[in-house]
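J.: Protein chains in written order, with this note's numbering: chain A, 1 to 224; chain B, 225 to 445; chain C, 446 to 702.
Careful: at least some of the hints might be erroneous.
[Stated by the list, open to error] Covered stretches of chain B (chain A as the covering partner; in silico rule of three or more C-beta atoms under 8 Å from a C-beta of chain A): (1) 235-243; (2) 263-271; (3) 278-291.
[Said to hold, decoys possible] Using C-beta positions, here's what the derived DEER-type ranges look like: (4) A:Ala18 <-> B:Pro305: 19 to 29 Å; (5) B:Ile243 <-> A:Trp4: 34 to 44 Å; (6) A:Phe207 <-> B:Arg371: 19 to 29 Å; (7) A:Leu208 <-> C:Pro517: 22 to 32 Å; (8) A:Phe207 <-> B:Lys350: 18 to 28 Å; (9) B:Pro429 <-> A:Phe207: 36 to 46 Å; (10) B:Gln273 <-> A:Asp5: 34 to 44 Å; (11) C:Asp589 <-> A:Ala18: 13 to 23 Å; (12) C:Pro517 <-> A:Lys118: 46 to 56 Å; (13) A:Ala18 <-> C:Arg564: 47 to 57 Å; (14) B:Phe231 <-> A:Ser47: 28 to 38 Å; (15) B:Gln273 <-> A:Lys118: 46 to 56 Å; (16) B:Ser407 <-> A:Gln182: 18 to 28 Å.
[Unchecked claim] Partial selection, computed: residues in chain A whose CB lies under 7 Å from chain B: (17) Tyr2; (18) Phe6; (19) Phe15; (20) Thr65; (21) Lys160; (22) Thr184; (23) Ser203; (24) Phe207; (25) Ala209.
These are calculated hints, taken from the structure and not from any lab test.
These numbers come from a predicted model, not from an experiment.
Glycine residues also receive a C-beta, built at the ideal position from the N, C-alpha and C atoms.
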Amino acid sequence: MYEWDFSPVLAQGGFLLAGFRNTLILTATALSGGLVVGLLLALARLSHRRWLSMPAGVVIEVFRTTPPLVQLFWFYFGLPIVLAVEMTPFLAAALTFTIQSGAFFAEIFRAGIVSIEKGQWEAAKAIGMSHSQCMRRIVLPQAVKRMFPSMMERSIELMKTTTLVATVSYADLLFQANELAQKTFRPLEVFTVVALMYFVTISFVSFLAARLERRFARTGEFTT
Amino acid sequence: MTYNWNFHDVFVNWWALAIGVAGTLKLFVVCLVLGMSLGLVIALGRRSQNRPVRWLSTLFVEFFRNTPVLVQILWFYYALPILAPIEISPFMAAILGISLNSAAYSAEIYRGGIQSIEPGQWEAAKAIGMSGLQALRRIILPQAIRRIIPALTNRGVEIFKMSTLASVVAYVELLQQGKLVASLNFNPLEVYTVVAAIFLIILYPIVRLTYAVERHLARSD
Amino acid sequence: MAGPILRLSGLGKSFDGNTVFSGVDLDVYPGDRISILGASGSGKSTLLRCINLLEIPDAGQMEIQGATVGEPSRSGRARYPERQLRDLRQRVGMVFQHFNLFPHMTTAGNVAEGLTTVRGMPAGEARQRALTELRRVGLEDKADTYPSRLSGGQKQRVAIARALAMDPDILLFDEPTSALDPALVGEVLGVIEQLANEGRTMLLVTHEIGFAYHVSTRVVFLGENGIYETGTAEEVLKHPKRPLTQQFLAEHKRFQF
């Protein structure tokens with residue numbers, strides 16, 4: 001019978017926490033970048049100008065249908081060759097996950113914008129608003145509330161996807177775990193602890209999201 | 225400073241990539257079948273009358289949805305052999321991680337599909353004397369599956385993309401073979417471009433098909 | 446006598462080759478209250494939507510305060526640059542059948558929105574103006590309520606206040622009571638009547654023939670090729686001269702004048 005021993009893991013707790021911190025930094029960077037990229041891609045995709053909507057569609061489809069790990073390798077190992085730039089693991093990861101989550105966010109934004117009734121556009125235009133004023137003042141504020149659940153779900157997916165950066169040696173939680181497992185010869189304990197860390201964090205975020213969602217649903221102003 | 229793309233060395237090594245595609249397909253099919261069927265079992269478990277069964281199914285779903293699949297694969301690869309006296313190959317570890325993760329996700333899809341069927345359908349089935357299981361098999365599931373086909377196909381695409389994670393434990397699949405070719409020929413840009421293109425060529429038709437099915441279902445419902 | 450506020454000459458619209466209406470000539474003078482009637486599918490609503498360019502007419506010409514709207518183009522169809530669309534829409538207020546209030550803004554927010562966003566009015570001033578308009582439609586006490594808490598009749602009154610806030614030269618009403626419970630129709634018609642008494646210029650598409658008779662200075666019956674019959678309410682609704690108008694009114698006999 002195997003004797004569990006968590007003491008070597010706990011003794012190196014700071015090592016794992018440093019990784020956890022890096023995971024959070026990367027997630028936050030890619031999330032904020034991804035939301036901006038996603039909104040821009042969605043607006044371009046919905047544009048009547050083909051030279052805008054076509055490329056946006058291609059970016060969205062390519063990043064949604066290829067594996068994120070392939071994208072990461074492409075940005076980390078491939079892109080520096082074309083651009084002749086130095087690529088750090090963090091930069092490659094931030095770039096990959098910003099565009100990748102941006103592609104997914106774009107589809108969420110688009111679905112939300114399209115779901116707003118035509119009458120809202122018409123009423124806004126009838127008082128003299130321009131297209132961009134309608135979008136900013138009338139359509140997006142309503143769409144964002146409807147998109148909230150899918151946005152949260154995607155953000156959680158993003159946090160889980162960031163584990164892939166361990167493969168290009170960015171010191172995220174999983175990478176640190178791997179190091180620690182080799183140092184302590186306690187992979188069982190290390191990977192179990194790390195799995196639990198992710199589980200607790202992500203469950204907590206899901207719980208908060210569900211509460212916020214209920215709160216939105218309760219306040220009457222969001223329904224017509 | 226325009227870069228001269230050179231795909232020659234990639235195509236010379238086409239057989240290495242072909243072996244990778246075969247490995248990816250093998251892993252995909254196994255995980256798809258296991259994940260989707262186990263998912264149905266778990267979904268039914270969450271609807272069970274038996275409290276421990278219900279509770280365990282819920283815990284399973286929550287745990288596998290709320291941890292990264294890469295952590296799961298590494299856990300099965302490095303940690304599980306310590307607990308159980310079994311040899312875990314990279315293939316096994318990848319199957320365990322991806323299948324169980326997909327089972328958790330598809331369980332939620334099945335559950336949503338079953339819940340979306342009006343209670344009147346259960347009542348009508350029971351009124352003609354069907355057992356719960358008969359009602360489920362003959363009346364509820366056929367309707368539910370129809371509604372969740374787009375979501376399940378999406379899941380299938382995700383499983384296909386997830387198969388690349390097996391490269392982390394050195395299972396021979398497309399990305400792993402790509403790494404090999406790139407390291408031999410020092411041409412990562414071309415190799416990973418080709419690898420991405422292969423995934424796109426395989427998956428994009430399926431994605432388009434899903435869109436079409438979605439539109440079709442939206443119209444007919 | 447001053448010229449017309451709005452002049453339509455030969456206005457027409459078709460969708461995918463199907464003519465919705467064509468050859469509409471109409472002069473609207475200050476203080477006119479014109480009801481537009483017609484069989485269903487005669488394009489009454491589309492005509493209104495063309496007047497504030499929510500639909501772009503594909504034939505004819507429109508003048509507002511003597512100035513032509515749109516720019517002539519070689520194809521003979523006028524083009525309507527975005528700037529002109531927005532200017533025109535500020536001068537032509539629209540009230541929709543389904544209210545189309547902005548659900549994420551309070552009642553006062555709805556009314557003030559055009560003033561702040563389009564006109565650039567400071568928020569405080571816009572709110573004062575919004576309160577004035579809400580008072581006019583009898584809903585000042587609902588200023589900080591969200592639309593989801595209002596009845597249909599109240600929603601439509603807010604929508605009217607929202608249109609009024611922009612000081613339009615003309616108000617367009619597109620079947621303003623068709624989406625309402627019968628019990629709530631009266632309060633909306635009451636507000637429209639009050640606006641009529643203030644001498645506002647308005648165009649009204651409605652199925653409330655009794656109300657149209659009561660409030661209109663002129664009635665227009667829209668047919669397949671432009672205006673089929675027009676005159677005072679007395680002439681068109683009490684003594685229609687042409688067969689289609691007679692038939693239409695016979696079908697709506699149950700209305701009392």
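J.: With reference to the structure, classify each hint as holding or not holding.
T.: Quick rundown of the hints versus the structure:
1. 235-243: violated (count 0)
2. 263-271: Per the Cβ count (0), the hint is violated.
3. 278-291: Coverage by chain A holds for the segment 278-291 of chain B (4 residues, Cβ < 8 Å).
4. A:Ala18 <-> B:Pro305: 19 to 29 Å: Between alanine 18 of chain A and proline 305 of chain B, where Cβ atoms are some 28 Å apart, the hint holds.
5. B:Ile243 <-> A:Trp4: 34 to 44 Å: Distance hint for isoleucine 243 of chain B, tryptophan 4 of chain A holds at roughly 40 Å.
6. A:Phe207 <-> B:Arg371: 19 to 29 Å: holds, 28 Å
7. A:Leu208 <-> C:Pro517: 22 to 32 Å: violated, 59 Å
8. A:Phe207 <-> B:Lys350: 18 to 28 Å: violated, 36 Å
9. B:Pro429 <-> A:Phe207: 36 to 46 Å: holds, 39 Å
10. B:Gln273 <-> A:Asp5: 34 to 44 Å: holds, 41 Å
11. C:Asp589 <-> A:Ala18: 13 to 23 Å: violated, 50 Å
12. C:Pro517 <-> A:Lys118: 46 to 56 Å: violated, 30 Å
13. A:Ala18 <-> C:Arg564: 47 to 57 Å: holds, 54 Å
14. B:Phe231 <-> A:Ser47: 28 to 38 Å: 33 Å Cβ-Cβ, so the 28 to 38 Å window holds.
15. B:Gln273 <-> A:Lys118: 46 to 56 Å: holds, 47 Å
16. B:Ser407 <-> A:Gln182: 18 to 28 Å: holds, 22 Å
17. Tyr2: holds, 6 Å
18. Phe6: violated, 13 Å
19. Phe15: violated, 17 Å
20. Thr65: Hint on threonine 65 of chain A: holds, closest Cβ of chain B at ~5 Å, below 7 Å.
21. Lys160: For lysine 160 of chain A, the interface hint holds, since the closest Cβ of chain B sits about 4 Å away, which is under 7 Å.
22. Thr184: violated, 12 Å
23. Ser203: holds, 5 Å
24. Phe207: violated, 10 Å
25. Ala209: Nearest chain B Cβ about 12 Å off; hint violated.
Figure legend: structure checked against the earlier numbered hints; hints not met, in rising order: 1, 2, 7, 8, 11, 12, 18, 19, 22, 24 and 25.
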